[in-house]
Amino acid sequence: MSAKTLYDKLWDDHVVHTEEDGSALIYIDRQLIHEVTSPQAFESLRLAGRAPWRTERNLAVADHNVPTTDRSAGIADPVSRLQVETLDKNCAEFGITEFGMTDLRQGIVHVVGPEQGATLPGMTVVCGDSHTSTHGASGALAFGIGTSEVEHALATQCLIQKKSKNFLIKVNGQASAGVTAKDIVLAIIGEIGTAGGNGYAIEFAGSAITDLSMEGRMTVCNMAIEAGARAGLIAVDDVTIDYYRDRPYSPKGEHWFMAERMWQKLHSDLDAIFDKVVEIDATIIKPQVTWGTSPEMVVPIDAEVPNPVDEFDAVKQQSMRNALDYMGLQAGQAITDIQIDKVFIGSCTNSRIEDMRAAAVMVEGKKIAANIKLALVVPGSGLVKQQAEQEGLDKIFISAGFEWREPGCSMCLAMNADKLTAGERCASTSNRNFEGRQGYGGRTHLVSPAMAAAAAIAGHFVDIRDWR
Amino acid sequence: MQAFKKITATVAPLDRANVDTDAIIPKQFLKSIRRAGFGPYLFDEWRYQDVGEPEMDCTNRPLNKDFVLNNPDYKGAEILLTRENFGCGSSREHAPWALEDYGFRAIIAPSFADIFYNNCFKNGLLPIVLPAEVVDGLFKEVTAGYQLTIDLEAQTIITPKGKVIGFEVDESRKYRLYNGLDDIALSLLQADKIKAYEAERAKRAPWLFA
Ligand code: SF4
Numbered sequence: 014m015s016a017k018t019l020y021d022k023l024w025d026d027h028v029v030h031t032e033e034d035g036s037a038l039i040y041i042d043r044q045l046i047h048e049v050t051s052p053q054a055f056e057s058l059r060l061a062g063r064a065p066w067r068t069e070r071n072l073a074v075a076d077h078n079v080p081t082t083d084r085s086a087g088i089a090d091p092v093s094r095l096q097v098e099t100l101d102k103n104c105a106e107f108g109i110t111e112f113g114m115t116d117l118r119q120g121i122v123h124v125v126g127p128e129q130g131a132t133l134p135g136m137t138v139v140c141g142d143s144h145t146s147t148h149g150a151s152g153a154l155a156f157g158i159g160t161s162e163v164e165h166a167l168a169t170q171c172l173i174q175k176k177s178k179n180f181l182i183k184v185n186g187q188a189s190a191g192v193t194a195k196d197i198v199l200a201i202i203g204e205i206g207t208a209g210g211n212g213y214a215i216e217f218a219g220s221a222i223t224d225l226s227m228e229g230r231m232t233v234c235n236m237a238i239e240a241g242a243r244a245g246l247i248a249v250d251d252v253t254i255d256y257y258r259d260r261p262y263s264p265k266g267e268h269w270f271m272a273e274r275m276w277q278k279l280h281s282d283l284d285a286i287f288d289k290v291v292e293i294d295a296t297i298i299k300p301q302v303t304w305g306t307s308p309e310m311v312v313p314i315d316a317e318v319p320n321p322v323d324e325f326d327a328v329k330q331q332s333m334r335n336a337l338d339y340m341g342l343q344a345g346q347a348i349t350d351i352q353i354d355k356v357f358i359g360s361c362t363n364s365r366i367e368d369m370r371a372a373a374v375m376v377e378g379k380k381i382a383a384n385i386k387l388a389l390v391v392p393g394s395g396l397v398k399q400q401a402e403q404e405g406l407d408k409i410f411i412s413a414g415f416e417w418r419e420p421g422c423s424m425c426l427a428m429n430a431d432k433l434t435a436g437e438r439c440a441s442t443s444n445r446n447f448e449g450r451q452g453y454g455g456r457t458h459l460v461s462p463a464m465a466a467a468a469a470i471a472g473h474f475v476d477i478r479d480w481r
Numbered sequence: 010m011q012a013f014k015k016i017t018a019t020v021a022p023l024d025r026a027n028v029d030t031d032a033i034i035p036k037q038f039l040k041s042i043r044r045a046g047f048g049p050y051l052f053d054e055w056r057y058q059d060v061g062e063p064e065m066d067c068t069n070r071p072l073n074k075d076f077v078l079n080n081p082d083y084k085g086a087e088i089l090l091t092r093e094n095f096g097c098g099s100s101r102e103h104a105p106w107a108l109e110d111y112g113f114r115a116i117i118a119p120s121f122a123d124i125f126y127n128n129c130f131k132n133g134l135l136p137i138v139l140p141a142e143v144v145d146g147l148f149k150e151v152t153a154g155y156q157l158t159i160d161l162e163a164q165t166i167i168t169p170k171g172k173v174i175g176f177e178v179d180e181s182r183k184y185r186l187y188n189g190l191d192d193i194a195l196s197l198l199q200a201d202k203i204k205a206y207e208a209e210r211a212k213r214a215p216w217l218f219a
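As given, the protein sequences belong to chains A and B, one line each in that order. Under my numbering, think of the first position of the first sequence as 14, with each following residue one higher. Under my numbering, think of the first position of the second sequence as 10, with each following residue one higher.
Chain B on its own, in the form it takes in the complex:
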């Protein structure tokens, strides 16, 4: 997993609430058995005028000019600014895979759906929750080429005018993301505790171990 330390990048404003995982990556792309290559199909139904199919070459597909990611003003954006309850719907990790594969590193919203929020951290993506009024303020400021600096260690966002906005993140999530660590290897360090738990539980609930 890619570590997240500090980035300065362009912001793409996606002014919609309740953006669901079906919109982030439509289900036909979930048939892939691979982890990479979802970026060209990110927001497929909003981004293109035709119907996307897995493995399709996207270079010549008709674009929906009104969609924010097709606007040259936000080219190369690595930060997505959006509204409440982003990532609601299914548990598909294909959603953060697609965002990451497209090039996004961080998402700023007033709230996220729980599973999606959790999945982001496993894929080098930083979801940042800010109060709705602060998000609203950012939406008002964003123009062509608008950039923010996000510093995970300091837990701050710095606007072009130099305003500093703090954000919250759990210590253990921050530690793993900052260092790009593999969760499984860390959990397996507790192997003895897992075995001790199983031995004790087997006495109370033997049917689970029969």
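For reference, chain A alone in the conformation it holds in the complex:
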């Protein structure tokens, strides 16, 4: 038998049927559902008179539109409310488990899945959301799909897919203090570009990756899509297995031991062949800050805003000019001189307990700067929020001047009331700095939770390696 990559193994394990042109019907073990990309899928299912193939393999949670302030009065915006109510109604009608807005387990779909053990190693996981790549951190094949495919997965428990190519990104060595999973993945995207992973499934490996906790690994895989790859993957090891022990939906008793034996094989064979390999030296990665309107427009904290004239490619040069214009920045400006208006700590990239802790350490006993109009901390789920409160992190944030909110997507994409107004500049721990992403005309700089927290205190970006 020839050597296989982790991706090959997961793929082969789920093929139900292969077409002549190589496209395959692959089996889906878990579908996660949220309110934005599912209404039209349920509607078509209903119109066609079809029922879900296996109802219990679906799990739903509303996250994009939910308010992060007091929820007792419901959702004020009627359009948002209708979308969330439509999800409630559809789940009730089709018998799908949903964590409602007032359930303690409610949160961002990609935080909730692993936290509940609803997404496990060895599974195929899909969701009508591009950041489904997050779940690949546990050695699962997880990728985002469109609404037609949500309907397809509901109706058949399968999807028609073309196999991607294999891409290995090895991050060697040990990252220095102050350099987090977020900085590693931003540095990777800066290196290979936002289209670098198009057509590939990326496996992240190397000591800087295996040194990460499950939370950190999720941050890395979360942003695989920002490098153009539909799926990000990390091999299973003891960190993975320990994380999934005793989760509510994890296998129990004899099944746990069977699962553990099976999961231990979820790594690329030593002599497996990848279509593309990139090696990155973790020791030279510094804390990262994006300056433009694409995640690949990223530089280290001690750098300057780049100059378009240094770029040879005409199309890229024009993109840089557009970005500088939109962001209201000058080439040559020091990153540490950029003043910010708002700070957002949250999103499926960085809203897990570890992220909350990393941010809290930076602000303990300090106050946010006078020029900061709003500093938000939005935990990824009700359970993360509860845990953080047990550790007293909420008090640290509140006394520093941050607002401590209810879980949801919040200002990651500003579909609820949390947003930037035109021209406002934000240090954000989310994953996309596209034009208008955090509100019309808003300017987003992507950073790690510790960098965002420190920026809130200083009022501008600071190198956290010199903090205190």
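You may find that some hints are simply not true.
The calculated lysine to aspartate or glutamate pairs, modelled on EDC-like cross-linking and capped at a C-alpha distance of 16 Å, are [what the hints assert, rightly or not]: (1) Lys329/A x Asp24/B; (2) Lys176/A x Glu32/A; (3) Lys202/B x Asp26/A; (4) Lys212/B x Glu32/A; (5) Lys183/B x Glu32/A; (6) Lys176/A x Asp145/B; (7) Lys183/B x Glu33/A; (8) Lys202/B x Glu267/A; (9) Lys212/B x Glu267/A; (10) Lys329/A x Asp179/B; (11) Lys175/A x Glu177/B.
Bear in mind the hints are in silico, worked out from the structure with no lab data behind them.
Put chain B with the ligand on the given structure of chain A with help from the hints.
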């Protein structure tokens, strides 16, 4: 789904790389629970000078004159010509819905984001990948009313001067798009195979079937 056979249509040049799904259809429009009606909000932030809201009547909104779709030269365009990595960002199918609802039938670019590319085929839209230099050549040729003929069966694009450019497309995607077929009905023809797979898998991974 609308079948795609052969079209001859005007080309609109959108000279930008990395056009993301937030730009194609801004998130406030994702709150709709319907599938149709997104066309007036396609490229909303670039197309209009004010901020668009869902359900808004667009007939009297102030237009951004510099934006290609507001240029009378490209009125009625059904083919969008653009640069690399088109459709990057989110998985929202609202992006192809908006393009299709506006009237686009095909998009030509050096590369597309994977999820977006896949979503196009489910909505009667043909995404065509051509080498960057060929795309660049087309950008140089496009002027007012410039038309291309796209023939899916022959997998060719014919320019006004009669130049023929071939393109690649997967057989099964082509078959479905050409015939406007429903993927789910086709997959359900494999129901016995799906059941057999589940029975076999349940032995290896019983916790998934508990
Ligand atoms: S937190 Fe942001 S990126 Fe993540 S699922 Fe929500 S909107 Fe999408």
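Taken at face value, is the distance from the CA of Glu32/A to the CA of Lys212/B at most 16 Å?
-> violated (26 Å)
Take a quick look at whether Lys176/A and Asp145/B sit within 16 Å of each other, Cα to Cα.
-> violated (30 Å)
Would you check the hint for Lys183/B and Glu32/A, treating anything up to 16 Å between C-alpha atoms as holding?
-> Distance of about 13 Å is within 16 Å: holds.
Does Lys212/B pair with Glu267/A here, judged by a C-alpha cut-off of 16 Å?
-> holds (13 Å)
Sort out whether Glu32/A lies within 16 Å of Lys176/A, counting only the CA atoms.
-> holds (12 Å)
For the pair supplied as a hint, Lys183/B and Glu33/A, confirm whether the alpha-carbon distance does not exceed 16 Å.
-> holds (13 Å)
Straight-line alpha-carbon gap Lys202/B to Glu267/A, limit 16 Å | violated (28 Å)
Given the hinted pair Lys175/A and Glu177/B, is their alpha-carbon gap at most 16 Å?
-> holds (15 Å)
Does the structure keep Lys202/B and Asp26/A at a Cα separation of 16 Å or less?
-> Holds - the C-alpha atoms of Asp26/A and Lys202/B are around 14 Å apart, at most 16 Å.
CA of Lys329/A to CA of Asp24/B, is that 16 Å or under?
-> Between Lys329/A and Asp24/B the Cα gap is close to 11 Å, so the pair holds against 16 Å.
Is the hinted pair Lys329/A and Asp179/B satisfied, with a Cα-Cα distance of at most 16 Å?
-> violated (30 Å)
Hints 4, 6, 8 and 10, counting from the list given before, are not met by this structure.
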